[in-house]
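Novice: The primary structure of each chain is shown beneath.
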Amino acid sequence: MPQKIDNELVRHIAKLGRIELADEQVGTFGRQLSAILDYVGKLQELNTDGIEPMAHAVELRNVLADDSPGESLKPDQALANAPQRDGDFFAVPKVIDDSQ
Amino acid sequence: MVEGDPDVKPIVGLEIHVELHTATKMFCRCPNRFGDPPNSNVCPVCLGMPGVLPVMNRKALELGIKVGLALNCSAGGFSKWDRKGYYYPDLPKNYQISQYDLPICRDGWIEVPLDDGAVKKVRIRRAHLEEDAGKNIHDHADHTGVDLNRAGVPLLEIVSEPDINSSHEAGAYARAMQRLVRWLGASQANMQMGHIRFEPNINLHIASAGKTYKTPIVEVKNLNSFKALEAAVAFEIGRQTEEWRADPEGFSLEKLSKQNRGWDDVRMATVFQREKEEAHDYRYFPEPDLAPVEVGETWLESIRSQVGELPLQRRERYIKEYGLAFKDADALTQDGPTGDLLDGAVKAGADPKRSVNLLLGRGAAIANERGCQIAEIGLAVEQLAELAKMLADQEINATAAAKVFDLMIAGRQNPRQIAMKQGLLAVTDAGQIEKWVDQAIADNPSAVQDVRQGGKKQKKAFGFLMGQVMQKSRGAAAARQVQDLLEKKLGGGQQ
Amino acid sequence: MSGITNLTACETASAIAAGKLSAVDVAKAYLAAIERLEPAICAYNEVFADRAMDQARQIDAAISRGESVGPLAGVPVALKDNICTDFGRTTCSSKILANFHSPYSACVAEKLLAAGAVILGKTNLDEFAMGSSTENSATRTTRNPWDTSRVPGGSSGGSAAAVSAGLAAAAMGSDTGGSIRQPAGLCGVVGLKPTYGRVSRYGLVAYGSSLDQIGPITRDAADCALLLRAIAGHDSRDSTSLPADVPDYLAELETPLKNLRIGLPKEFFGQALDSEIRSAIDKAVGTYKSLGATAVEVSLPHSRIDVGPGGQLSSYAVACYYIVATAEASSNLARYDGAHYGHRTAGPVKDIIDMYSKSRAEGFGDEVKRRIMLGTYVLSSGYYDAYYLKAMKVRRLIKNDFDEAFKSCDALICPTSPTTAFKLGEKTADPIQMYLADIYTISLNLAGLPGVSIPAGLSASGLPIGMQLVGPVLSEGTLLRAARMFEKTSGTCNLMAKMVQS
Ligand SMILES: [Mg+2]
Ligand SMILES: [Zn+2]
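Residue numbers (the working numbering), protein chains in the order written: chain A, 1 to 100; chain B, 1001 to 1495; chain C, 2001 to 2502.
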């Protein structure tokens, strides 16, 4: 099962994670990720049939808040860390489509 | 090319995003409000700042379940939250908190009234809760503006089975859904405010020369009106039919993957959208910051008890119980509270038809002027019941009732008090009425004769005399008293 | 005044409350120590000298007016720089947040301020808490006060070094796989990771959300109890916060535990364990026995440490952790994209995706990139079941082992770390070697359990050895009492490295 991380897969993962990699980094990350995956592949030794997956460290249920308004920020506070703003909008490079 | 006339069956499933009508957002306590200045309803949580955590809105959860129950879904039970990863500037965390494998509602159906009077049953696959994204503003040439006021507003995504077979059915389904969520008070479902948005999945099953062809599925993204929805479905049916005709073997579900298309409102056409390479790898995983919910029977029952009678059931009842025409019954069941007013007035002893006349007369006119539902014009059950009773008892006539109606909405006062203050009550003083009656009899001997003789002219002449009395009283005389007295004086019994 | 910085937080608090010391004198003493030693230790990303003095003056004024002050009034505390404050910067020792000013303060920061603590500054960490040596920081290299050629451990290395070097009376760390306990162990101080949900995570910059906890790093167990009492408790802003009352950890601290049953996980005492550390732990167990405790052997099969033919270590728990933690991290760190805050590339960009990718490439260091990529991979379509789902199941097995073990004992004792402080640069080339530094601490985070590392003595070369006490959910009171029993008997507390004493 442990899988060789080739350059193409490294580039694909980097794209999914929105991290630009220089060509020389691709090989290094590929080798390191392969080694780590090899290591974590150890879990395959264990039989986990019928084991309930554990997503939370503690089992809480129904943690809910009342629908009553609290405090919001002023636009200037909201935008205080913005790399670029246009009036009270965050400004980002042109987004072409709105498909999501 | 294909010869002959193939049998084309459109197969349409619809995803509807409904913004829930809560006071605050899904995971923070910023106001859920449309139309405020940009980035004014935001806080560290909905800005996705470092270190923030979400806390689920109880009302949003309950509204989601309420809609699910009204859609005959199995709702409640164990449900959890998942993160759906994608990078977009109106989604500040770059993941959306949604529900993946354990949605809050599953496996239901809705009855959709069609134009021809038939009712179509459309199955609901699932309905899940998720947070809305903010808005990208594209009115600059060199950058996009981002407003995060809408980021984190609670959404219910309702996914139908592909049971819809025409653009009209798609429209009817969407309207039925709008009526239902409004009915339940789950959403304002206002199109202009983007409260409800559609994404149809469309393909065709084409039977030709003993073979069935299936065209590739197209999802049209982000439609904001019934008109756009119907037009997009119709356009796709046409476009896919043409594409299939040109290449029946190649243009097929097996050979081409699902495609996303956008809607061009100007050209009234769907347009191809370039697929992002990793568009379908959302890397869902359980949201570690939120505890699962487990809605037990008692809680579920208390939500179920709020669902009550649904629009189509009520419409049916109005026709049967109150004897209303289909059109009136339908008009009164566009939302829940308007019908509640009617039911409340009837329960308080008012005549259904007089109450309906008030609601669909001045009520509808005012609502129309204000662009709201009849129930939202500020009318109380007691006011409606009282005014309907006054009408029935002839304590007030229709013209005066309309005046009282307008005044009582503005001032929230008792209609009888308004009518008294404004001098709009009918005159019931027997002496005064007798004077007017006697005068009318004296002034119109030939009509009196026609009534007394009986025969063809009798009815018309009696009506004429009634009118004369009412004219003399300037419309204020209590009509029933006038009628009774006239009948008595002219020999009675004929009417 | 140099004696002031040798006092424990408890001693400092009572001296100030009793009017024997002024908060201003205390703040001055710590700021002077920082001036003297910080160039050699590099524990802080930012020191709030003026702010700390202002706070100290206000506390003195309040005391002189006879007002009641909080239990931490005038105690100088440092915060790990991944805990948000609405003053100063919150950088996570990352270039991507180098200039980030949080508009709000973490729950823990609010509680400390409400208790009267003077916030001295923000301490260095491995970038976004990803590391075990604080060498992955983009800001500076923190050094171990016991030997400045060695690492302080990590990721709360700045906090541990600051407390150990007398640059803060106490500090806050965060622990995702050992990041409080391991640096505490390597720096000879006390570090406690509370039960998951005991302390609010609101305002802690998330790394592995289902594992992260904030906890105190202190000179001794009493300070730990004092600080934990101040920061623990339910917070409605954290949905994973436990709705459980906070006991008065200090009130019962000095009462020794009767009939304490100590569990020794046999898997943690195999051939992989350094002999000096083993004998320190053995000695400690002897001390407990002399105090009336009994020891039983227990088994944590899924936290087992295996030794390969070439001597390389491996563990299911470490493997499980690196899947769970990196998966969550890949999602938690997606928000740092240069759109709404944080670093945005100055270079020309083709489109918004290019802006995201360049900003993140420039802003994140290699270890963060590696973990984001690993986490992205284990969640991506086709690999989810084999890695992420599998790890979630193994996580359950690991937790079940602990549940079973606690049927026969009240607390486990094991090493905090397989080695004493290692040399700077020694493990930076091999990520997996670095990951193994947390081999004894990581299972607790997966199981959500509390653990405290306390000093068990010094090695022959004069480096601190950490010992870990582990208990069931919400057993912090028991752990602190057990820790107190040991430190009072052994005298291994409020240790000061040579450079600090001179
Ligand atoms: Mg959706
Ligand atoms: Zn908000």
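Hints are computed from structural coordinates only; laboratory data are not their basis.
All values reported here derive from a predicted model rather than from experimental measurement.
Among the clues, some could well be false.
No more than 20 Å apart at the CA atoms, straight line, and that leaves these computed lysine to aspartate or glutamate pairs for EDC-like [as the list claims (entries may be wrong)]:
| no. | chain 1 | residue 1 | chain 2 | residue 2 |
| --- | --- | --- | --- | --- |
| 1 | A | Lys74 | C | Asp2086 |
| 2 | A | Lys94 | B | Asp1139 |
| 3 | C | Lys2399 | A | Asp49 |
Simulated DEER-style distance windows between Cβ atoms [as the list claims (entries may be wrong)]:
| no. | chain 1 | residue 1 | chain 2 | residue 2 | range |
| --- | --- | --- | --- | --- | --- |
| 4 | B | His1280 | C | Asp2366 | 42 to 48 Å |
| 5 | C | His2101 | B | Met1193 | 14 to 20 Å |
| 6 | B | Arg1033 | C | Ser2149 | 58 to 64 Å |
| 7 | C | Pro2243 | B | Gln1422 | 28 to 34 Å |
| 8 | B | Arg1245 | C | Pro2348 | 42 to 48 Å |
Glycine included, every Cβ here is placed at the ideal spot set by N, Cα and C.
Novice: Give a verdict on every hint.
Specialist: We went through each hint and held it up to the structure:
1. A:Lys74 to C:Asp2086: 15 Å, holds
2. A:Lys94 to B:Asp1139: Status holds; Cα separation ~10 Å.
3. C:Lys2399 to A:Asp49: 16 Å, holds
4. B:His1280 to C:Asp2366: 42 to 48 Å: 29 Å, violated
5. C:His2101 to B:Met1193: 14 to 20 Å: 34 Å, violated
6. B:Arg1033 to C:Ser2149: 58 to 64 Å: With a Cβ separation near 59 Å, B:Arg1033 and C:Ser2149 satisfy 58 to 64 Å, so the hint holds.
7. C:Pro2243 to B:Gln1422: 28 to 34 Å: 60 Å, violated
8. B:Arg1245 to C:Pro2348: 42 to 48 Å: 47 Å, holds
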